[in-house]
Amino acid sequence: MNDRFNLYRFASPATFYPLAGTLIPYFWALSAVFGLAGLYIGMLVAPTDFQQGEGYRIIFIHVPASWLSMFIYLVMAFWAAIGLAFNTRLSGMMAQALAPTGALMAFLSLWTGALWGKPMWGAWWVWDARLTSELILLFLYIGYMALTAAIDDPRRADKAGGLLLLVGVVNIPIIYFSVKWWNTLHQGSSVNLTKSSMATTMLYGMLLMAMCFWMYSIAVALMRARTIMLERERNTDWVKAELAGDVQ
Amino acid sequence: MIYWNSFADFLHMGGYGVYVWGSFGVTALIMLVEPIVVARNRKTTIARLKRQLRAESRTTSE
Numbered sequence: 000m001n002d003r004f005n006l007y008r009f010a011s012p013a014t015f016y017p018l019a020g021t022l023i024p025y026f027w028a029l030s031a032v033f034g035l036a037g038l039y040i041g042m043l044v045a046p047t048d049f050q051q052g053e054g055y056r057i058i059f060i061h062v063p064a065s066w067l068s069m070f071i072y073l074v075m076a077f078w079a080a081i082g083l084a085f086n087t088r089l090s091g092m093m094a095q096a097l098a099p100t101g102a103l104m105a106f107l108s109l110w111t112g113a114l115w116g117k118p119m120w121g122a123w124w125v126w127d128a129r130l131t132s133e134l135i136l137l138f139l140y141i142g143y144m145a146l147t148a149a150i151d152d153p154r155r156a157d158k159a160g161g162l163l164l165l166v167g168v169v170n171i172p173i174i175y176f177s178v179k180w181w182n183t184l185h186q187g188s189s190v191n192l193t194k195s196s197m198a199t200t201m202l203y204g205m206l207l208m209a210m211c212f213w214m215y216s217i218a219v220a221l222m223r224a225r226t227i228m229l230e231r232e233r234n235t236d237w238v239k240a241e242l243a244g245d246v247q
Numbered sequence: 000m001i002y003w004n005s006f007a008d009f010l011h012m013g014g015y016g017v018y019v020w021g022s023f024g025v026t027a028l029i030m031l032v033e034p035i036v037v038a039r040n041r042k043t044t045i046a047r048l049k050r051q052l053r054a055e056s057r058t059t060s061e
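Sequence lines, in order, name chains A and B.
According to numbering that gives the first Met the number 0, the residues represented by the first sequence are 0 to 247, in order.
According to numbering that gives the first Met the number 0, the residues represented by the second sequence are 0 to 61, in order.
Wrong hints could be hidden among the right ones.
[Unchecked claim] Below 30 Å or equal to it, Euclidean Cα-Cα: the simulated DSSO-like pairs (lysine-lysine) are:
no. : chain 1 : residue 1 : chain 2 : residue 2
1   : B       : K49       : A       : K158
2   : A       : K158      : B       : K42
3   : B       : K49       : A       : K239
4   : A       : K239      : B       : K42
5   : A       : K117      : A       : K179
6   : A       : K158      : A       : K239
[To be verified] Non-contacting residues of chain B with respect to chain A, defined by C-beta distances greater than 10 Å in every case (computed):
no. : residue
7   : N4
8   : S5
9   : A7
10  : A54
11  : R57
12  : T58
13  : T59
Hints in this document: simulated from the structure, not taken from any laboratory.
Backbone N, C-alpha and C define an ideal beta-carbon position, used for all residues, glycine too.
Hey, can you work out the whole structure from these sequences and the hints?
This is the structure:
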């Protein structure tokens, strides 16, 4: 053993657990700061939209929730790949911890989309490529949670769930490019790397809200991951020491 | 700097109040309830694991 700084050290639950505990309050604080700034700009400062009136303000949560619903899935698929390739314990716990938050983000994307679609398109729901593929994403999250919950042995549950995640990852580019590949009712992307079709204040409001949602997701997933670690590693010395002390 | 003329205007959202506040309300509710559920689940899990650990050490020491 060498005690030189080694990033792989954090792949072990015993070292990751206290690190996550230290980081969680910072992610909450960042989420609150970004959220307050984003709401201030988006809801109080940003001007109206010339086509959609004030209804467009749903964008400040619709786009962040949609982005996070796709991003969280990609992160879960990343952990699944690591877990299947290297048989690491932490990866399955991380995927497990992210799933409910990802599902909620997919739900919020669909919910705010319905409340946006009704006044703008005249329909809560249409079987459009963008909407349908996002609904499939929600089902993938639910399917992953149901599958892993149905298998008693956590390591086997991780393997089966990881396989589902990797197969389902094909849906992410379909969601993202659906507005280009098919003729959909859903508008095209308002932002890309080179240019944006939005007013600057609107864009800043949206990006700040996206940061808020991102930091929120990290904070709540780390909270969940810490509980999963205690549960799964309950027979190890570090968890026993943790439980013997004043565990929070 | 502030876009709105009055608080009533802000709530009315140019006639889209139901849709805008319906979106923000449910999002706020979820982002409030999810951490509470996770924190409570953590508390009950820790309590259960502590009980199990105590029960184990009792049987091994006898």
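message = A cut-off of 10 Å on Cβ-Cβ distance, and R57/B was said to be off the interface with chain A. Does that hold?
response = Non-interface label stands for R57/B: nearest chain A Cβ at 14 Å, farther than 10 Å.
| task | Starting from K117/A, check that the Cα of K179/A is at most 30 Å away, please. | result | Distance of about 22 Å is within 30 Å: holds.
- Hey, is A54/B genuinely clear of chain A, shortest beta carbon separation above 10 Å? For A54/B, whose nearest Cβ neighbour in chain A is about 12 Å away, the distance exceeds 10 Å, so it holds.
task: Verify the proposed pairing of K239/A with K42/B, using a straight-line Cα cut of 30 Å.
output: holds, 16 Å
Given pair status - K158/A, K49/B, alpha carbons within 30 Å
Between K49/B and K158/A the Cα gap is close to 29 Å, so the pair holds against 30 Å.
| query | Is the Cβ of N4/B farther than 10 Å from every Cβ of chain A? | reply | holds, 12 Å
May I ask you to check that S5/B keeps its beta-carbon over 10 Å from the closest beta-carbon of chain A?
-> Non-interface label stands for S5/B: nearest chain A Cβ at 13 Å, farther than 10 Å.
Please verify that the nearest CB of chain A lies beyond 10 Å from A7/B's CB. holds, 13 Å
Q) Does T59/B really sit off the interface, with its C-beta more than 10 Å from all C-beta atoms of chain A? A) It holds; T59/B is separated from chain A by about 12 Å at its closest Cβ, greater than 10 Å.
- [ ] Starting from K158/A, check that the Cα of K239/A is at most 30 Å away, please.
- [x] holds, 27 Å
Exercise for the section: Taking the shortest Cβ-to-Cβ distance between T58/B and chain A, state whether it exceeds 10 Å. Expected result: Nearest chain A Cβ is 15 Å from T58/B, so the label holds.
- [ ] Take the C-alpha atoms of K49/B and K239/A, compute the straight-line distance between them, and say whether it is at most 30 Å.
- [x] holds, 9 Å
Checked against the numbered hints given earlier, this structure breaks none of them.
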